[in-house]
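Engineer: Chain by chain, the residues run as shown.
Protein chains: 2
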Amino acid sequence: MGKLEGNAIVFTQGGPTAVINASWVGVVEGLMDAEEVTGIWGSMHGIDGILNEEFVDLRKQSVETLNAIAHTPATALGSTRHKPNAEANQKMLEVFKKYNIRYVFGAGGNDTSESLDIINDEAKAQEYELRMFHVSKTVDCDLMENDHTPGYGSAARYVASAFRGVDLDNKAFGGIYLGVCMGRHAGFLTAASALGKEFKDSGPHLVYVPEKAFDLEKFVVDVEKVYKEHGRCVIAVSEGIEDKNGTPILQLLSTGELEADSHGNVQLSGTGALADALVGKIREHLEGKGIVKKLRARGDTFGYLQRSWPDQSSVDREESLNVGRTAAKEALSGNVDGSIAIQRVSDEPYEVKFVRVPLKAVAGKTRHLPEEFINAEGNNVTDAFMKWGLPLIGEQVKIGELDLTKMVEKK
Amino acid sequence: MGKLEGNAIVFTQGGPTAVINASWVGVVEGLMDAEEVTGIWGSMHGIDGILNEEFVDLRKQSVETLNAIAHTPATALGSTRHKPNAEANQKMLEVFKKYNIRYVFGAGGNDTSESLDIINDEAKAQEYELRMFHVSKTVDCDLMENDHTPGYGSAARYVASAFRGVDLDNKAFGGIYLGVCMGRHAGFLTAASALGKEFKDSGPHLVYVPEKAFDLEKFVVDVEKVYKEHGRCVIAVSEGIEDKNGTPILQLLSTGELEADSHGNVQLSGTGALADALVGKIREHLEGKGIVKKLRARGDTFGYLQRSWPDQSSVDREESLNVGRTAAKEALSGNVDGSIAIQRVSDEPYEVKFVRVPLKAVAGKTRHLPEEFINAEGNNVTDAFMKWGLPLIGEQVKIGELDLTKMVEKK
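Chains as they are written, first to last, in the working numbering: chain A, 1273 to 1683; chain B, 1273 to 1683.
A few of these clues could be false.
Because identical chains cannot be distinguished in the list, a pair is counted as satisfied if it fits within a single copy or across any two copies.
[Said to hold, decoys possible] Derived DSS-like pairs: lysine-lysine, alpha-carbon spacing no greater than 30 Å straight-line:
#, residue 1, residue 2
1, K1355, K1561
2, K1670, K1469
3, K1497, K1561
4, K1565, K1355
5, K1565, K1363
6, K1472, K1565
7, K1355, K1500
8, K1469, K1332
9, K1553, K1632
10, K1332, K1472
11, K1472, K1632
12, K1553, K1355
13, K1275, K1370
What the hints contain is simulated information worked out from the structure, not anything from laboratory work.
Chain A extracted, bound-state conformation (with noise of 0.2 Å):
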């Protein structure tokens, strides 16, 4: 079989990570040396950039340049939530044919790798030869085929120092905090805020993610509980919890308006309000039942920096580069598309594969926190689940041993 040649074009797609740029940079290092491949495109903002044929040429960085870039969060080809139509479709196999381009490589969630598919199996029928590849991406871990997705490394260890940090806080005034963690569908960064747990009264001391029915009554029992033990409580929540109907929580608790996204569902992130909601009925309740006369009771929501802090996990990002020259590798080999998924060969020492699978296998479909990470009560993670994510998030910040009430002496 005779090599292909012809162009590539790498884009991004969907909510930025703090390593998605080491992914695209994984693909380029891929190609770089390939002869077939004559040039290597970034498409500008995602697809918007093969439709407006709005392309910058790779092949004219420096080694040096692409290393920086592979180090710094977000990405430097922009990126868009454009999902395109039929019609959309069309007009980029039209580009791709305008320019020769037979490599395409676009790293995105379930939505992006569900439009690759679609726009594969458009060629096919028109008999273009493609080299069609998803490079997975998603700080929410939800990516089918998966053991864990590039992005959620970083993500989740943000979230674990966050935690790590203010369970500190807390414990300083005692009280209740309440960190309302990304995550609609699945409690993968939720369950992270376990992370960065070292001592035996270390919070969060109970952790609710979207996979179990979030009953608010429970809740506030499960709080008063811990709050009786420590005199303290430290909480991680998903923003996509919801009641056993399926309603948001968010919108059951809401007063005011929400506002829905493009797709129609309701926006859970860039609002304070769950926080508010939940810590209100904390305060509610234990105030009213007499337990605490006036509650300190704090709820933050930690928004945006979840996936843009700059302190990426180190492991991330190499396994990001990893996915990348994986997917590039695999397009050169031969007449092949799919996706490129992280799978575990062992837990201990960690080591992990990178795997070809087909694109239909990951397309569209959302996959969950599976059922022996999260307890049997359903506010917890599980020892199985730290096991699976401490390798993930990279070396902690070193903190000491706080504890030092055990010395306290009624003189």
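Given the coordinates of chain A, assemble chain B onto it according to the supplied hints.
Structural biologist: Chain B only, in chain A's frame:
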């Protein structure tokens, strides 16, 4: 003059910082070899530990433990916001006499220095010899006599890193990003949002601090200007911004009820309402004027992570240790009292000194962002601020030049 023999206590008061442990560890280090200091005790939960006679024995701690604690955010001694009244002050003096406590070190902000000053005056009136020291601490950087305060550098490091990351995230999509930073009366922490700027077009493009009256009409026009130039705008806002009559903007824009804190002030932290409301006003303006059809606009409220993030500024940690050590050294030097301030010797090379100043010079006063740190328009910081602030936050995560757009070619 003979040496004053007796016990020493250290305590921490008010909101923790990432380095307040370093300050009290510095005190303990400084006292450890002094024979006249019989016991070195930590009072648990600030002045509450004095009133309840709950102490821990800090002479029992190993050097390794103390060093580990100095690297840990928040305070291992616990804290309180309890502001003592006249009766409590008398009670504390009685406890000092009962246990022959002669050396007192309180780490805290301007409220704490005020309390210490009052107790100190009372001890003098009763002719009870005390060495009374205020160990300055606050993420707000608002203590008189100080170039900057222990705790500020680490919080500023967090805010700078946060904007460094979200600015790239915003650049990938375009649109508006607004982040609300801590700071009721002083804008130092919000100003730190600029310290992570790396490139010509880096955000934040607009910075609003409480030192300048906030005008909502001017604000949306400021945003419009930046948006028209860059297709995007990143904005940093202090939680404490007020209009020209001194009314908090949060209060002006809020539709719901606002919680009051124990001093009767409107609770500014722990609510996402200001970010949400300002983003709404920007959307209303830009969409209303037809400048953009559907604006992508996001707001985050940074919350407690600003003061508790575990990755300390190394500069801040070292200085905090030295403030504590200096307090101990001064206390051992003779019949003195005071507050330890950080004063700048030179900008390049960056050098500071640790100076004893009168308690009354710090007590209950608020320092504001100097005029020369705010631009004439009142919507950004100046180069003078950048020069002042950059040495305080430690080494930043390196990021690469991302501006590939200059190479865009319409094929």
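Engineer: Indicate, hint by hint, whether the structure satisfies it.
Structural biologist: Hint-by-hint comparison with the structure:
1. For the homomeric pair K1355 and K1561, the shortest alpha-carbon distance between copies (27 Å) is at most 30 Å, but the shortest distance inside one copy (50 Å) is not.
2. When the C-alpha separation of K1670 and K1469 is checked against a cutoff of 30 Å, the pair qualifies both within a copy, at 11 Å, and between copies, at 27 Å.
3. With identical chains, the CA atoms of K1497 and K1561 are at most 30 Å apart within one copy only, with a shortest distance of 13 Å there and 53 Å across copies.
4. Taking the shortest Cα distances, K1565 and K1355 sit within 30 Å of each other only across copies (18 Å), while inside one copy they are farther apart (52 Å).
5. In this homomeric assembly, K1565 and K1363 come within 30 Å of each other (Cα to Cα) only across copies, at 24 Å, whereas the closest approach inside a single copy is 65 Å.
6. Taking identical chains as interchangeable, the C-alpha atoms of K1472 and K1565 lie at most 30 Å apart only when both belong to the same chain, with a minimum of 28 Å there against 52 Å between chains.
7. When the C-alpha separation of K1355 and K1500 is checked against a cutoff of 30 Å, the pair qualifies only between copies, where the shortest distance is 26 Å, while the shortest distance within a copy is 49 Å.
8. Taking the shortest Cα distances, K1469 and K1332 sit within 30 Å of each other only across copies (26 Å), while inside one copy they are farther apart (45 Å).
9. Proximity of K1553 and K1632 under a CA criterion of 30 Å is satisfied in neither setting, with 43 Å inside one chain copy and 43 Å between copies.
10. Taking the closest pair of Cα atoms, K1332 and K1472 come within 30 Å of each other only across two copies (22 Å); inside a single copy the shortest separation is 53 Å, beyond that limit.
11. When the C-alpha separation of K1472 and K1632 is checked against a cutoff of 30 Å, the pair qualifies neither within a copy, at 44 Å, nor between copies, at 43 Å.
12. In this assembly of identical chains, the alpha carbons of K1553 and K1355 lie at most 30 Å apart only when taken from different copies (28 Å versus 38 Å within one copy).
13. For a Cα distance limit of 30 Å, the shortest separation of K1275 from K1370 inside one copy, 20 Å, qualifies, whereas the shortest one across copies, 90 Å, does not.
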